[in-house]
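There are 2 protein chains.
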Amino acid sequence: MPTAAMIVIGDEILSGRTQDVNVQVLAQALGARGITLAEVRVIPDDVATIVRTVNELRGQMDNVFTSGGIGPTHDDITADCIAQAFDVGISIRDDARAILATNYADPENDLTDARLRMARIPDGATLIDNPISKAPGFTIGNVHVMAGVPKIFAAMVESIIPTLTGGAPMLSDEVRIEKGEGTLAAPLGEIAARHPQVSIGSYPRAVDGRFVVNVVARSTDADLLATVMAELRQLA
Amino acid sequence: MPTAAMIVIGDEILSGRTQDVNVQVLAQALGARGITLAEVRVIPDDVATIVRTVNELRGQMDNVFTSGGIGPTHDDITADCIAQAFDVGISIRDDARAILATNYADPENDLTDARLRMARIPDGATLIDNPISKAPGFTIGNVHVMAGVPKIFAAMVESIIPTLTGGAPMLSDEVRIEKGEGTLAAPLGEIAARHPQVSIGSYPRAVDGRFVVNVVARSTDADLLATVMAELRQLA
Numbered sequence: 001m002p003t004a005a006m007i008v009i010g011d012e013i014l015s016g017r018t019q020d021v022n023v024q025v026l027a028q029a030l031g032a033r034g035i036t037l038a039e040v041r042v043i044p045d046d047v048a049t050i051v052r053t054v055n056e057l058r059g060q061m062d063n064v065f066t067s068g069g070i071g072p073t074h075d076d077i078t079a080d081c082i083a084q085a086f087d088v089g090i091s092i093r094d095d096a097r098a099i100l101a102t103n104y105a106d107p108e109n110d111l112t113d114a115r116l117r118m119a120r121i122p123d124g125a126t127l128i129d130n131p132i133s134k135a136p137g138f139t140i141g142n143v144h145v146m147a148g149v150p151k152i153f154a155a156m157v158e159s160i161i162p163t164l165t166g167g168a169p170m171l172s173d174e175v176r177i178e179k180g181e182g183t184l185a186a187p188l189g190e191i192a193a194r195h196p197q198v199s200i201g202s203y204p205r206a207v208d209g210r211f212v213v214n215v216v217a218r219s220t221d222a223d224l225l226a227t228v229m230a231e232l233r234q235l236a
Numbered sequence: 001m002p003t004a005a006m007i008v009i010g011d012e013i014l015s016g017r018t019q020d021v022n023v024q025v026l027a028q029a030l031g032a033r034g035i036t037l038a039e040v041r042v043i044p045d046d047v048a049t050i051v052r053t054v055n056e057l058r059g060q061m062d063n064v065f066t067s068g069g070i071g072p073t074h075d076d077i078t079a080d081c082i083a084q085a086f087d088v089g090i091s092i093r094d095d096a097r098a099i100l101a102t103n104y105a106d107p108e109n110d111l112t113d114a115r116l117r118m119a120r121i122p123d124g125a126t127l128i129d130n131p132i133s134k135a136p137g138f139t140i141g142n143v144h145v146m147a148g149v150p151k152i153f154a155a156m157v158e159s160i161i162p163t164l165t166g167g168a169p170m171l172s173d174e175v176r177i178e179k180g181e182g183t184l185a186a187p188l189g190e191i192a193a194r195h196p197q198v199s200i201g202s203y204p205r206a207v208d209g210r211f212v213v214n215v216v217a218r219s220t221d222a223d224l225l226a227t228v229m230a231e232l233r234q235l236a
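Chains C and A supply the protein sequences, listed in that same order. The first sequence begins at 1 in my numbering and counts up one residue at a time. The second sequence begins at 1 in my numbering and counts up one residue at a time.
With the rest of the complex left out, here is chain C (with noise of 0.2 Å):
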């Protein structure tokens, strides 16, 4: 299968500020796609730390995906980060511009030199839709960078994902089973064991007070995963 990694650029993750909900979006989108995710790197708004972070997983991965740092503000640092991981020129492009230009009832006065930041884009990148609020994201090479507004990435998720080559889908099944790990952990194995191609995971959980196990399988291969399933329904 293809493989993917996110690189969310966040001051405020890191600080705890804000909780990610970017990851499960991507995530669920490229299993749905049939592209593994890989890895997530949440890293600070630093250009130093963004280019080689960028510059490692690009190396690494078929698809890179960033999210943050792609709006007006001091702060928004991610497109130029881009371009110099790419060592290629950034500059306001007619087509970004023009699309930006349709979120304002006077483009002529209203895309201040702070909003036209928004339509840096670095030389040979594509655009990436954004019908929310317009600023558009961009694809170079195989990384995708898009904004952290939840709302905005989602969309430009939505935007990007079918233009990408997927494999075949990742399937996933799950049973809940109310005894605790330490009695599942045994036969849990031996299927495990018996399934090497299927990933079987184990993941205990607190309700009331006691521990529920739901116990998930994946698969790209359905008939192996119903197999496995009925494995493991026997366990509940």
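Treat the hints as calculated values from the structure; they're not laboratory data. None of these values were measured; they are calculated from a predicted model. Among these hints, one or two may not hold up.
Treat identical chains as interchangeable: a pair holds within one or across any two.
Capping the alpha-carbon separation at 20 Å, the derived lysine to aspartate or glutamate pairs in EDC-like fashion look like this [unchecked claim]:
1. Lys134 to Asp113
2. Lys151 to Glu178
3. Lys179 to Asp106
4. Lys151 to Glu190
On the provided structure of chain C, position chain A as indicated by the hints.
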């Protein structure tokens, strides 16, 4: 300030099945202790990836925290990976076994081989208290290995944070401004440029179809933070 990285060991996060909530808990606790959370990585339940990531980050950071993979089931491989990363042995330890035993009515019979996996501790590690379900986490070198279940993770964070060397606690304040970022960007950039020692972030959100901006200032210097906040409130 001392630095930290967090490694979320979690197929369930990367598949999109589960929303991580542990990052924010750790991030806030570290900020209050004056430790900078400099990076988070979410990686799969894969031995080579875990070993490589732990070794890379423990060399770069003052502290590394892991979450997930220390239960009794076949997919709980974190403790073995940590032993491998540090190139030390791992075995059932009497103190960990004694703590586990307090969780069961009939330890002689209830401490099955599966449950005893939770008493396997890398040589040289010290235990991290788990008041919820007893099975301990552990610290080896600068790496703190904790459970993924949110309630247990949070309890372990409370156990371990006070034992770490902290710096000046990071202080933050914010103001909500009902203007677009495009309007705010120029004056905000001037304030940020005047106070390079204060980290100022601008976070737009959609509220009832309009964008409002939360501007967050962060500093370890209370007086400087107050000065900057006064300037920021002038923009509202």
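Hint-by-hint comparison with the structure:
1. Lys134 to Asp113: within (16 Å within a copy, 58 Å between copies)
2. Lys151 to Glu178: between (36 Å within a copy, 18 Å between copies)
3. Lys179 to Asp106: Between copies, since 17 Å is at most 20 Å while 64 Å is not.
4. Lys151 to Glu190: Intra 43 Å, inter 29 Å, cutoff 20 Å: neither.
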